[in-house]
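Let the sequences and hints guide you as you build the complete structure.
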Amino acid sequence: MKKKGEMKKVIKVKDKVNDGQDDDPWWWLVQEGIRPSFLCISLFALLVRVAVGLHPYSGAGTPPKFGDYEAQRHWMEITLNLPPKDWYRNSSVNDLSYWGLDYPPLTAYQSYVHGVFLKTFDPDSVALFTSRGYESYLGKLLMRWTVLSSDVLIFFPAVLYFVLVYRSMRFGMGQNSDVAWHIAMIVLNPCLILIDHGHFQYNCISLGLTIAAIAAALSQKDLVASVLYCLALNHKQMSAYFAPAFFGYLLGKCLRKKNPLLEVTKLGLMVIGTFAVVWWPYLQSKDAALAVLSRLAPFERGIYEDYVANFWCTSSVLVKWKKLYSTQSLRIFSLAATLITCLPSMVQQILAPSSKGFLYALLNSSFSFYLFSFQVHEKSILLPLLPLTLLALEESRLILWLTHFAMFSMFPLLHRDKLVLAYMALYTLFILVYFAPCGPGGRCHGTKTLDNTQKTKRSVDFITSITFHPLVMGCLGLCSLILHVIYLTMHPPNKYPFLFEAVIMLICFSQFVLFTFYFNSKQWMLSKHLTSKDKQKKLI
Amino acid sequence: MWKQRNIWIVQGVDVDLKHILISSWSWASSIKHYLVSSVGSSRSLNRCSNWKPPPSGFVKLNTDRAKSSSLGFPSPAIVALEDAKWDIIIDETDYAQALAAISDKSRGKSKRNLVIKIKELCSRKWQVPSEANATTHILVGAMQKIPYDSISHVVSYFEQKEIKFGRVEVPFSIPLKRNQSHYRQLIVSHDAVVLGTALNERILSSLLSVHRLKVLHMDRNEYYGGEPTSLNLIQCNCMMEMQESPRTPVVMVQLSWFFGIATIVKLLLIPSYHSTDLEVHRHWLAITHSLPLSQWYTNETSEWTLDYPPFFAYLERFLSMFAHLIDPQIVHLHHGLNYKANSAIYFQRMSVIVSDLFLLYGVYRSTLALASLKRNLIWLLVIWSPGLLIVDHLHFQYNGFLFGWLLLSLSFLAQGRDVMGGFLFAVLLCFKHLFAVAAPVYFVYLLRHYCRGGLVRGFARLSVMGATVVAVFAAAYGPFVYHGQIQQVIRRMFPFGRGLCHAYWAPNFWVFYIMLDKGIAFLLRKFGFNIPAPVASFTGGLVGDASPFAILPRVTPLTTFIMVLLALSPCLFRTWKDPRPRLIVRSVAYAYTCGFLFGWHVHEKASLHFSIPLAIVAVESLEDAKHYFLLSIVSCYSLFPLLYEAQEYPIKVLLLLLHTILMWFSFSAQYSGSLWGDKKGGEKQGFEVGWVTKSYLIGVVVVEIWGQFLHPYLFGDKLPFVPLMLISMYCAIGILYSWIWQLKSILISS
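Protein sequence lines correspond, in order, to chains A and B. At position 281 of the first sequence (counting the first as 1) the number is 281 in our numbering, and the numbers step up by one without a gap. At position 132 of the second sequence (counting the first as 1) the number is 132 in our numbering, and the numbers step up by one without a gap.
Hints listed in this document are in silico derivations from the structure and should not be mistaken for laboratory results. Since the structure is predicted, the reported quantities are computational estimates derived from the model, not experimental observations. Don't take each hint at face value.
Some chain A residues well away from chain B (every beta-carbon gap over 10 angstroms; in silico) [to be verified]:
#1 82
#2 89
#3 222
#4 294
#5 415
#6 499
Here are the simulated lysine-lysine pairs, DSS-like style, with alpha carbons at most 27 angstroms apart [as the list claims (entries may be wrong)]:
#7 B:340 <-> A:418
#8 A:119 <-> B:718
#9 A:221 <-> A:356
#10 A:495 <-> A:322
#11 B:577 <-> B:744
To be clear about the criterion: a stretch of chain B counts as covered by chain A if any three or more of its residues have a C-beta under 8 angstroms from a C-beta of chain A, and this derived list gives those stretches [stated by the list, open to error]:
#12 267-281
#13 645-656
#14 660-666
Beta carbons are placed, not taken as given, at the ideal position from N, Cα and C, and that holds for glycine.
Right under this line is the structure:
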């Protein structure tokens, strides 16, 4: 480990003949290896999270429904005071129409643990009935700290695990400072911080579990990966966005092993076992399990809400989906569309599973879910964003743009939560970290590109050069900047009260579609490149 | 070997470094005919005619003679092939040892550093002055032939031979810059001055001195030997630091990056807790905006009367113009009282954040001439200083702005531009009079360093400096003198009616004094003496003539004043005897330490006054770093009670933790390994703290855990003052240690 660090440093200096290590203000930190830089970066990230926690949460002081903060608090109240069987059941003490529990059981357990924590310090905040809409200084603080602790306990270790695995996977490619930059890109992702610590949710748990699962899968621990992924899925059903990629990659790998059937069975048993453990209280009767399931899939809420930059919402400007079709048929439509769009990347992984391809597949499947699935939130953009941050070193240019548009697409939501200051600060922080002196971000916008797979690069170059031309992107960036200002300062015309939201949605949607095409093509190019390499090897 | 190398570089496969070096060696031996001559040339002068410049595409760097016993291993000679950029070939007689040193596993860091440093050495444009060798040859050959009559003969001989050499100057003909005039005396007492210490100048000066001339031999470098010098790696490192020209744009961009990150944190902290100082400053905005100047220092609408010097009032006036545009209620004298709207808070917080730009410039200016690592370190210590963040951006004050002025002033002084430094300090005093503690040091320093060079000249300079300072003060206080309010202004600025200590006792000497008093009173009461409990409190005003002390003599402002002066006197004496620009930062910091320890009604925030300037010198040596490590932790920790609410608790802890860890890593990087620290007497090198410091710092954690968790748990609401008292007692020990350390370092630095 240490040795590798030394080699890395040597290579690093090699790369920097012209500017020398003097220009890197961080070399004293990164030269020590990954762990010190991880420690410092995560402490800083924690500081940023605490500071964001000072800002308001969603629905602060807005009765009667409040917001996600009240939902989470209410779940703590329910899980703490009722037996598990009643958590998902409508009863005289559990009014499901008021923020009823609609996340899988792991979330409920987590709410229970946090509820116990809250009860010890502020019993009023989780008292049954009386605590509805409970807001206090201490209550807010304790709630914020539960999110922080989840970050520290799950998200950060998972990121460290991933970075270590990823680095060994790249055979020590890249410099230590790049690795530090990569860590910063993952843990300082502004969208995640704003949603978790500003808006108030526990995405860090499910995303952290997903990252750990990805890392385990990349380090060939498939069984661990499947367990971790099932846990993520059981914390938030939204993690299903990644399911096709996991399925494809793990299946593809199994098929390449000596005894495919045995491997698949092992994985299947693992998955079923994990589910059985998590769902244990609801497996006693069929009704109980079905009741939970029906809570998890709230189809009655319609195919879209608000202004999400996905296909259904954007196209509803032209086609009034909700009026034309019943929910039933829309369900089938969206399912079909999602499956069709994520099929290519899944098939690619089954045919040629590769570590890099797996990360791209995660990106593609989550994008297709975001764009085409039923009932998508603005916050769901976190899921496609996650694999891209993991790929930050490969796609160092695109991460800037996707983060930009992801932030932009969430702007109306965060504006509603009165998080504009935190939004601006974190956005600037992201830009600063991205362009950190001697980080890859600053470099790739210069002359050199970081990618070493030149062949792949060249073949995709054509698409890249058009869609991600600096001029085009610059224009779009400027537009979105102006839109920010307009959104903050001007009132929309009375006739179209949601005009600005719609414009933001259109811009973001167009970009997301482009991203989807680009990443899909990239994934397939990857496999072509690999196979051609294999052929060359065979020839030799 | 090339294959190995390519695998290593292009694919990053983990190839054994040793293997590469060995194969490099075998390759190098095959081209040894290139290298033999270079080795030979350094061996003996007789063979120097064999010397050849390296073949094109090679850079030859030969540090063979730099082997020193103290260094512990020989410095390798390196040949770098330019087109392949970075193939190190180690080729030297001591090669085996060098290789052993490089691949020695036990010295992980030094080894890595060595490789880095070698590469760095190769990356520079080294000129091999071949003429130096030729000159030597001729000089040695000509040794016996020269008639050593006079300087001119020697000079003419050199001219005949068309040899370029440094310069031989006849005294008085050397043009000196004005501020170098103190060299003149030195120069006058010699017959000849030889500038430069390259080989020919060395021989020249020895020839001259053989001829009974008194020769002053000088070099502009800190090392001996000019261009063809032999340096060991440590000296090379020093030289590179000196040569390193500050690339201004890059430096500024990087510094702004650091500053930007800090600004983000400050922005995010806007909704956090703020002290009454926010209302104080808001009220000052209102006073300066809505009242004429003549009423600024007399107005008593609120209890927060204006008690800063006039420049600060002008600053508030300036800010109030913008505040008025944003929300007129902020600057309304009566309606604005306790105005807590977002507009007021955001505006004031933003004004602090923007005014920190002065700090940015101050830090930029004071680190301009430093090597990159030291520069980065100072940025970390100052720009990301947790203490400043806590006081300015959580508690709310304008210290960053003021420290910007202080650092600017110190950087001018360190450069020798005394008038500018004095001017800036005078301006600073007119912003915040608490900075006046360092005024004696400034006075003595400027008097001795600037106003020297004879009676007339000294007097002229004194009047220049005096006029500058008077002009600044006139600009500040003039209007109030005009209104006849100067006494009122001064009464406001120095409220001696307040007690010896601030509400929370600042960790200084008086904490011990008070505790001693309490302890003795307690003991005597135990023994049956009737000791009346004191009426007055330490923190409140002087209640009549009652003393707040039960037994010990009472402390008056005059006592504290004399104590501060007494504590300052060694430093003043030192400065009087030897006013050196290099030491001015230390002296000023020491003055603030004295003021903090012994002053009247000291705020805990004042510990920043010395911990910020000391950051500038913390990178100078290992000892400084060790001291600063302790001091900055203590000074930041002593600020903890400022933020007593639960919401900010994780913030302050994280800030201190991050600061400590960053400091730890950066100092260890700077002093890592035994290679790059200055190694004397085989001491253990590298940044590590001793067991005393370690246990003291663990004690900080214990005190914090006690105060936060155990005390409320064990005692409940009883004795609420104990945790605070413990913090200030405990921190006072640290600050006292720092004071002694600084005193020692000032006395020793002769």
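Self-check item: Violated hints, by number in ascending order, as checked against the structure
Solution: none
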